[in-house]
Amino acid sequence: MRVKNDTMHLAGVYTKMIFRSWFQYKVDAILRSLAVFCREATGILVIYFTLTKFDNLNGWNIYELLFLFSLLFVTYGILIIFFTGLRDFGGTVRNGGFDRYILRPRGLLFQLIFSNADWFAAVGHGGLGILLFLLSAGKVGVVWNGITIGYYIVTIIGGVLIQGAVFLFLATLNIYLLETNSIKELFYWNARKFAGYPISIFHKAIQFVMIYVVPFAFINYFPAQFLLRKEDMAQYPEVYMYLTPFVGVGMYLLAYLFWRKSIKHYKSSGN
Amino acid sequence: MRLSPYLAFAKKSFLQKSAYRFNHLMSILNTIIRIFIFWEIYRTLYGGRTEVDGITMSMVTTNFILSLGLEAVFGVDDYYLPNRIRDGSIATELLLPVSFHGRMLAGNLGNALFQLIFHFIPAFAVTVLAIGMEAPASPLVFLAFLFSALLGYGVLFGISFLMQMLSFWLLNVWAIMTIKNVFVNVLSGAMIPLWFMPDWMRGIIRFSPFSSIYFTPVQIYLGQLSGREILFRFATQGFWIAVLLAGGAVLWKKGQRKLVVQGG
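Those sequence lines, one after another, are chains B and P.
124 is the number of the first residue of the first sequence in the numbering used here; add one for each residue after it.
25 is the number of the first residue of the second sequence in the numbering used here; add one for each residue after it.
Treat the hints as calculated values from the structure; they're not laboratory data.
What you are looking at is a predicted structure, and each value in this text was computed from that prediction instead of being measured.
Some hints could be false.
Stated by the list, open to error - Computed spacing ranges between beta-carbons, pair by pair:
| # | chain 1 | residue 1 | chain 2 | residue 2 | range |
| --- | --- | --- | --- | --- | --- |
| 1 | P | Leu153 | B | Ile153 | 44 to 50 Å |
| 2 | P | Arg110 | B | Arg217 | 18 to 24 Å |
| 3 | P | Tyr103 | B | Asn218 | 18 to 24 Å |
| 4 | B | Asp355 | P | Lys277 | 56 to 62 Å |
| 5 | P | Val267 | B | Phe331 | 47 to 53 Å |
| 6 | B | Lys384 | P | Ser123 | 55 to 61 Å |
| 7 | P | Ser123 | B | Leu226 | 47 to 53 Å |
| 8 | P | Asn107 | B | Ser144 | 18 to 24 Å |
| 9 | B | Lys316 | P | Leu120 | 39 to 45 Å |
| 10 | B | Lys176 | P | Val152 | 23 to 29 Å |
| 11 | P | Lys35 | B | Arg223 | 39 to 45 Å |
| 12 | P | Lys35 | B | Lys316 | 31 to 37 Å |
| 13 | B | Tyr379 | P | Lys277 | 56 to 62 Å |
Stated by the list, open to error - Below, a list of computed lysine-lysine pairs in the DSSO-like style, where the Cα atoms sit at most 27 Å apart:
| # | chain 1 | residue 1 | chain 2 | residue 2 |
| --- | --- | --- | --- | --- |
| 14 | B | Lys176 | B | Lys316 |
| 15 | B | Lys149 | P | Lys282 |
| 16 | P | Lys41 | P | Lys204 |
| 17 | P | Lys204 | B | Lys149 |
| 18 | B | Lys316 | P | Lys41 |
Cβ atoms here follow ideal geometry from the backbone N, Cα and C, with glycine treated the same way.
Given these sequences and hints, build the entire structure.
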């Protein structure tokens, strides 16, 4: 019990330190959150303006599309509170910062997670996600009752775990490869730019990547289908609408095992 | 003015660019995928219709190939001045017997030339073979397109130039650069063809420099503008370049007097 309290305390201290260092430059901190919000809203503005001319995209109206986007932003907002340290892990390894973590008497993942939380980007992304949810949730014909709310919460957790697993996997790759940014750019950031659209409009190869390689489809498309029941779901197995939490937990466990196995082989880049 | 030192700067940034081959390959792939994805989105939106508001699907494809291709070429370094103010090297650079602005432009042009040859051309070849595009309306129109694209680069450079001057007053310009890029991305026609913007937005865009960057060259290429309209657009582009550079020059003068370099 004492150990657990101590851990919580340390997590609290880390969080306080992050806030302090951010608020050293208050105007800049606020501007940064705003900039992240605007940058992420770019894709939303584009789809909004496009749908003032064309009234639907493969049967999805603007509110349904905003709902689809909202799942992506809400999960990412939560994700970067916990996984920024893993997202930026490559840099930590290269500048030798990881060696410092190893010397400290605490779990490596614990330190990576709590000493790097990016609260301001979380406000930008999460704020946009919540705004989109509020704009769309009442207009997409979902009856919000115990079942749908429960489903939504489990989906969010699953979506965070899926992306967390991707980050953890890519972070682990850094132990073997010096440079993983290009892989991350291609498979994560690029895929994410289009993950807000219904995947049914894309080429089969792109759909394959979005379902089975970097499974963005399980973060927003399939869960949204459970709630919205659009026609284009007919081309996928119905069971996919229920898999998000399992994909999330499964991927995270696999990534975690990979991490545990690999960390034993860690050799410092030295300096 | 002697040109040779500036050519040397341009060459240096050209060569620097060629050092990261794998990253470069990935960024070409990135452009190709983006064009392809936008094409798929619009193909779905058109849903078999041959035209919407007089705009054919093939014109939309042409818009994306040209504007996303040019976007890859244009990539102006928004942090050229901010980085030099931050690390203090601006102090020594100001003492050099070459114009700082000339050096800045030369560095960016070297980069643009590299991107034109090794990014635009391969990405262009792959996408045109895969999804096709409109041919230019006539050889003369094609020349007008090239000239207009050059002016478009000038406008984008001017916007970046003006914004970079703010780094004399701000510790960190990342936030305002990011917000600037939102405006460029949404209003320039790179992510949404401006034909399809709501009328009230088009009204606003008309009085902004953003459509001068990619959309004007695209319209010229497609033969949407008459000879007189083309000349008027050239003048508009030139006007924006002059205004943005003049604004930047004023801030540059003021900023230099204010410049304090911490250590070095």
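Exercise. Does lysine 316/B pair with lysine 41/P here, judged by a C-alpha cut-off of 27 Å?
Worked result: Since the Cα atoms of lysine 316/B and lysine 41/P sit roughly 25 Å apart, the hinted pair holds (cutoff 27 Å).
Hinted pair, alpha-carbon criterion (27 Å max): lysine 149/B, lysine 282/P. Please report holds or violated.
holds (22 Å)
Looking only at beta-carbon atoms, does the pair lysine 35/P, lysine 316/B fall within the given range of 31 to 37 Å? holds (34 Å)
Can the suggested window of 23 to 29 Å be confirmed for the beta-carbon pair lysine 176/B and valine 152/P? holds (26 Å)
- Item | lysine 176/B paired with lysine 316/B [C-alpha distance capped at 27 Å] | holds (22 Å)
message: Range first: 44 to 50 Å. Now tell me if the beta carbons of leucine 153/P and isoleucine 153/B are that far apart.
response: Check passed, 48 Å falls within 44 to 50 Å.
Original post:
Taking only the CA atoms, is the gap from lysine 204/P to lysine 149/B under or equal to 27 Å?
Top reply: Satisfied, since the Cα-Cα distance of roughly 21 Å is no more than 27 Å.
Could you check the hint for me, namely that valine 267/P and phenylalanine 331/B are 47 to 53 Å apart, CB to CB? holds (49 Å)
Is it true that asparagine 107/P and serine 144/B lie within 18 to 24 Å of each other by Cβ?
Since asparagine 107/P and serine 144/B have Cβ atoms about 22 Å apart, the given range 18 to 24 Å holds.
Report task. Starting from the range 55 to 61 Å, see whether the pair lysine 384/B and serine 123/P falls in it by beta-carbon distance. Result -> Because 57 Å falls inside the window, the suggested range holds.
| query | Within 18 to 24 Å or not, the Cβ separation of tyrosine 103/P and asparagine 218/B? | reply | holds (20 Å)
Worksheet item: Between aspartate 355/B and lysine 277/P, does the beta-carbon spacing fit 56 to 62 Å?
Response: Since the Cβ atoms of aspartate 355/B and lysine 277/P sit about 58 Å apart, the hinted range of 56 to 62 Å holds.
Hint compliance for this structure: no hint is broken.
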